[in-house]
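S.K.: Using the sequences and the hints, build the whole thing.
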Amino acid sequence: MFNGEFLLPRSPPRLLLFFRLSNPLRTQILIFIKSLSAQNKMSAKPGAATPTYSPKVVGRSRLPIFKDSDLDWSRPDGRGFPQCRPALLQTGAVSSASGSAYAEFGNTKVIVSVFGPRESKKAMTYSDVGRLNCNVSYTTFASPTLGQGTDHKEFSSMLHKALEGVIMMETFPKTTVDVFALVLESGGSDLSVVISCASLALADAGIMMYDLITAVSVSCIGKNLMIDPVTEEEGCEDGSFMMTCMPSRYEVTQLTVTGEWTTPNINEAMQLCLDACSKLGEIMRDCLKQAASASDE
Amino acid sequence: MVGLSIGEQHFVKGGIAQDLRTDGRKRLTYRPIYVETGVIPQANGSARVKIGGTDVIASVKAEIGRPSSLQPDKGKVAVFIDCSPTAEPTFGGRGGEELSSELALALQRCLLGGKSGAGAGINLSSLLIKEGKVCWDLYIDGLVISSDGNLLDALGAAIKAALTNTAIPKVNVSAEVADDEQPEIDISDEEYLQFDTSSVPVIVTLTKVGMHYIVDATAEEESQMSSAVSISVNRVGHICGLTKRGGCGLDPSVILDMISVAKHVTETLMSKLDSEISAAEACEDES
Numbered sequence: 001m002f003n004g005e006f007l008l009p010r011s012p013p014r015l016l017l018f019f020r021l022s023n024p025l026r027t028q029i030l031i032f033i034k035s036l037s038a039q040n041k042m043s044a045k046p047g048a049a050t051p052t053y054s055p056k057v058v059g060r061s062r063l064p065i066f067k068d069s070d071l072d073w074s075r076p077d078g079r080g081f082p083q084c085r086p087a088l089l090q091t092g093a094v095s096s097a098s099g100s101a102y103a104e105f106g107n108t109k110v111i112v113s114v115f116g117p118r119e120s121k122k123a124m125t126y127s128d129v130g131r132l133n134c135n136v137s138y139t140t141f142a143s144p145t146l147g148q149g150t151d152h153k154e155f156s157s158m159l160h161k162a163l164e165g166v167i168m169m170e171t172f173p174k175t176t177v178d179v180f181a182l183v184l185e186s187g188g189s190d191l192s193v194v195i196s197c198a199s200l201a202l203a204d205a206g207i208m209m210y211d212l213i214t215a216v217s218v219s220c221i222g223k224n225l226m227i228d229p230v231t232e233e234e235g236c237e238d239g240s241f242m243m244t245c246m247p248s249r250y251e252v253t254q255l256t257v258t259g260e261w262t263t264p265n266i267n268e269a270m271q272l273c274l275d276a277c278s279k280l281g282e283i284m285r286d287c288l289k290q291a292a293s294a295s296d297e
Numbered sequence: 001m002v003g004l005s006i007g008e009q010h011f012v013k014g015g016i017a018q019d020l021r022t023d024g025r026k027r028l029t030y031r032p033i034y035v036e037t038g039v040i041p042q043a044n045g046s047a048r049v050k051i052g053g054t055d056v057i058a059s060v061k062a063e064i065g066r067p068s069s070l071q072p073d074k075g076k077v078a079v080f081i082d083c084s085p086t087a088e089p090t091f092g093g094r095g096g097e098e099l100s101s102e103l104a105l106a107l108q109r110c111l112l113g114g115k116s117g118a119g120a121g122i123n124l125s126s127l128l129i130k131e132g133k134v135c136w137d138l139y140i141d142g143l144v145i146s147s148d149g150n151l152l153d154a155l156g157a158a159i160k161a162a163l164t165n166t167a168i169p170k171v172n173v174s175a176e177v178a179d180d181e182q183p184e185i186d187i188s189d190e191e192y193l194q195f196d197t198s199s200v201p202v203i204v205t206l207t208k209v210g211m212h213y214i215v216d217a218t219a220e221e222e223s224q225m226s227s228a229v230s231i232s233v234n235r236v237g238h239i240c241g242l243t244k245r246g247g248c249g250l251d252p253s254v255i256l257d258m259i260s261v262a263k264h265v266t267e268t269l270m271s272k273l274d275s276e277i278s279a280a281e282a283c284e285d286e287s
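Protein chains in written order, with full-length UniProt numbering: chain A, 1 to 297; chain B, 1 to 287.
Keep in mind that the hints were calculated from the coordinates and are not lab data.
In this text, a Cβ means the ideal position worked out from N, Cα and C, and glycines have one as well.
Treat each hint with caution, since some may be false.
What the hints assert, rightly or not - Here are some of the chain B residues that sit facing chain A, going by a computed Cβ distance under 10 Å:
| no. | residue |
| --- | --- |
| 1 | Leu70 |
| 2 | Glu98 |
| 3 | Arg109 |
| 4 | Cys110 |
| 5 | Ser116 |
| 6 | Ala118 |
| 7 | Asn234 |
| 8 | Cys240 |
| 9 | Gly249 |
| 10 | Ile259 |
M.R.: Below is the structure:
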């Protein structure tokens, strides 16, 4: 946890925030933060930069875009357009779950826990294949404006669709796998982070999958395409492109596009996403390998 | 729907591979589309669309409301879809809820465009009456009466036709009032404004069965699909929304190919739909 220069200044204020809350979640989160600081699972060398999955920009340079468009957008956190936020991924965040993962991509912090395969209480009928139950919820303090911490039905169904194509359901008939995602802080590209973190949690739980899935989103503002948008950019975007893919198999499992896109823009966005997804896939694999080797010791 | 036997499955897949589907169509041919507008007199606009065995009704109701504080210069649009149990017995009670919310989400994505409003089929600023105080709230409801595949395309066409048929009454805002009070509004009974639907996109769903894609799949063909991509293209040829359904992964080049096929199909579909809608409107005017 304390291995990137972004993270250290932020953690003390976060502990203070939790002390003020009278939320039953508070104790759970305090214990969790203590456990993260105690076992330094992400055993990167101190001083090494947190890995990021920024894609490689192929072909032409980015400069012509700035000249053409009248809207000169500069990213609030000073990143370049094809640059993603540094990614922090950890498994084993929740000890009571079969598998869990914690992901921090800039200001977006998500924790996912997986329970199962366990007995399906809802379904009485026998089924040859297992069932998947997904739930994405936001905490009340996730966004800057005070919102209700309700379940996000839209994101829950999209997470379900993203995961159902990649989990081998035949390996756990009659049982259910529950995936619960909690967005602790919403800093942009929430669903992409939730999906990537969920697939890491499933791998940690030992559920059989065809491949890890990674999700990346691209925002279009004017003529500029920016990857991994933050909340500000998402609020005024002209279009959004979210892609979930299996990096090793080079297949797209879910694709959601809103706003107006020309075909060359879609091509470019797709290339950016595929490149970023494969790099994120490698970072996720490294994280799993480290967790596995740490538990071996 | 009764499941297909192994022989029937092979027949469907083999036919698609040879560009001859079970009802004799080619892979990129639509079933005959029948449009009827003004079917619900109490609604501001309504339409009924039949594509083969799929029958849907869309209605548009406009009500006076307050703009949201985040976007005080825009009206609001809400899309709700209801899958009636008359279409499928499984749709009764909570059964059709998942499908309804999926369809509503896809339609909302196609109609409303990006957060800044770019690529929106409906111009939300045209729904504004007084900034920050009064605006029109459009409630677009879709009802699926009979389902034989390709629900999203049918609903998209029905909403487009219903919006063309929509007449919103003219509103006069009387007297300037203080900032914190609601202004008085006078809704006229006589004068109506027609909606501008030239930028409403059409939705084309390409279903991948085996190695080929088909347009306008029937329920049988949909049961054999590996995945489906619904692409919404507007008159200018820009993509206004894209949703991939189905669990199987697709190669990125396949998706790009599907986009170009969808654009090609949209040209014929849009002109066909426009002619059908104007014929239906003319029919309604006569009666």
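S.K.: Hint by hint, say whether it matches the structure.
M.R.: Verification of the hints:
1. Leu70: OK, holds: Leu70 (chain B) within 10 Å of chain A, min 9 Å.
2. Glu98: Check passed: Cβ of Glu98 (chain B) comes within 7 Å of chain A, closer than 10 Å.
3. Arg109: 5 Å, holds
4. Cys110: Holds - the Cβ of Cys110 (chain B) comes within 10 Å of chain A, reaching about 8 Å at its closest.
5. Ser116: 5 Å, holds
6. Ala118: 4 Å, holds
7. Asn234: 7 Å, holds
8. Cys240: Holds, about 6 Å.
9. Gly249: 3 Å, holds
10. Ile259: Ile259 (chain B) check passes; min Cβ-Cβ to chain A is 6 Å, inside 10 Å.
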